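Chemist: What follows is the residue order along each chain.
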Amino acid sequence: MRGRLALIVGGARSGKSRRAEALALDWGGEPVYLATAEPFDDEMRERVAQHRADRQGRGWVTVEEPLDLPAALAREATAGRTVLVECLTTWVGNLMVHDRPVEPEIARLLAGLDQGLAADLVLVANEVGLGIVPENRMARAFRDHAGRLHQELAARAGRVELVVAGIPMTVKG
Amino acid sequence: MRGRLALIVGGARSGKSRRAEALALDWGGEPVYLATAEPFDDEMRERVAQHRADRQGRGWVTVEEPLDLPAALAREATAGRTVLVECLTTWVGNLMVHDRPVEPEIARLLAGLDQGLAADLVLVANEVGLGIVPENRMARAFRDHAGRLHQELAARAGRVELVVAGIPMTVKG
Amino acid sequence: MRGRLALIVGGARSGKSRRAEALALDWGGEPVYLATAEPFDDEMRERVAQHRADRQGRGWVTVEEPLDLPAALAREATAGRTVLVECLTTWVGNLMVHDRPVEPEIARLLAGLDQGLAADLVLVANEVGLGIVPENRMARAFRDHAGRLHQELAARAGRVELVVAGIPMTVKG
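Quick mapping for you: the protein sequence lines, in order, are chains A, B and C. For the first sequence, the numbering used here begins at 1 and goes up steadily by one. For the second sequence, the numbering used here begins at 1001 and goes up steadily by one. For the third sequence, the numbering used here begins at 2001 and goes up steadily by one.
Keep in mind the hints are simulated off the structure, nothing from the lab. Nothing here was measured: the structure is a model prediction, and the numbers come from that model. We treat Cβ as the ideally placed atom computed from N, Cα and C, and that holds for glycine. Do not rely on the hints blindly, as some may be mistaken.
[Said to hold, decoys possible] Derived PhoX-like pairs (lysine-lysine); straight-line CA-CA distance at most 20 Å:
1. B:LYS1172 x C:LYS2172
2. A:LYS172 x C:LYS2172
3. B:LYS1172 x A:LYS172
[What the hints assert, rightly or not] Output of the computed footprint for chain C on chain A, the stretches with three or more beta carbons under 8 Å from beta carbons of chain C:
4. 72-86
5. 139-148
Go ahead and model the full structure; you've got the sequences and the hints to work with.
Modeler: As structure tokens, this is what we get:
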């Protein structure tokens, strides 16, 4: 790792994205927003376009990559940039939906981080493991993959935060 | 805001209510318990009556308002009182069940807080966003409304706590 | 209580078990792993056997008790040992699945702790109350039992940690 690495964890509507944006801007560097969400209907496509335009107005470049996040990071995380990835957990879900092998892709992502990226990185992750065990088998597998990925990322991050009601709590750093 | 404002967040059976009661009593002022739960069967009605009697024995006045929380706060949060609202998240659920428009009601609540209430307020909220995305559309909407409300309240509160296994963790303040 | 007591709380795949093992080894004492999981198919039996062998290689004695945890603790938590219980929440689930009365068994467990055990104890618990209210009645009852148990244990523990993405946050101690 050459650049800084932060992991911002939170639940749904916890304010984790706003916090991650604030941290990325605070770190300086050219702000790049690496979006992993895959719009699956017109309403979502419209919302995504609106968000992209809003961010552009605030100085962000937006890049979209739902599946090959390791390659997107290798390409985008160049010197002088701060790359915000929103979000890691959605990426894991996308891999599952498209029947890609999850653990090898996670290993590729971690290998890329371990090799060192020039940019500072702010990674957003959705904590999904604090409810009742889901009855759905795929939801259980998703929870397992996401939890393991978050642990690996937190071990590598210099800063880990848990966002509760919009307020970041320091977990590490 | 003239009085103090605390937001106590926690999961189911986390001990958030007991913590909120302790904080309200610690703050002093005439303790008023503003309950938003709507008993939907005889068993629950009995339980609610029992809790009300228990609190009365410990010096609390109980007021019930499942829907028009902004009006109830304007009426009850008078000088010299400490009002505990139990709980905000249930109120959001009640609005949805009764087909009331949620965001306008949240805006009314926040406007009342911003205008300033004379009493100290301790608000209890149920964190529901840290599990798997629910398959039920209404549950997803509920989670979104609740999460946004919690963020707005936390931004205004001087003290925010996350209660874990009965122990309050300071999020803010 | 004569020995030390720690409660390690976390979600699914949060790294709580690894953290609990590290704390137990850090405390010293002969490490005993008291497993409550009940293997329900061949795949799980194989996984359990593998974990047991792994732990043995790292110096642990493994004891299994899915139901009578109070008796197992009374028997195993002897002077000079550090007993890790993995996990309390699974035990509550086992009691429910086997139609045992949960609250009396919890009371027995707490009575044993209050009487004092000679060993140091590290208890692992799964936080399951931070998602949407489950529609399943048994899941709701499970969540209630678990939440109440965690509160009782945290009140008695000298150290309580919430593990997020593999990193322990101090809740108490």
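Chemist: Now look at each hint and say whether the structure bears it out.
Modeler: Taking the hints in turn, this is what the structure says about them:
1. Under the criterion of a C-alpha separation no larger than 20 Å, the hint pairing LYS1172 (chain B) with LYS2172 (chain C) is consistent with the structure, at around 17 Å.
2. At roughly 17 Å between alpha-carbon atoms, LYS172 (chain A) and LYS2172 (chain C) fall within 20 Å of each other, so this suggested pair holds.
3. This hinted pair checks out: LYS1172 (chain B) and LYS172 (chain A) have alpha carbons roughly 17 Å apart, not beyond 20 Å.
4. Against chain C, the region 72-86 of chain A contributes 0 residues with a C-beta closer than 8 Å to a partner C-beta. That does not satisfy the three-residue criterion, and the hint is violated.
5. Residues of the region 139-148 of chain A lying with their CB closer than 8 Å to a CB of chain C number 5, which satisfies the three-residue condition for coverage.
The structure is inconsistent with hint 4 alone, although it conforms to all the rest.
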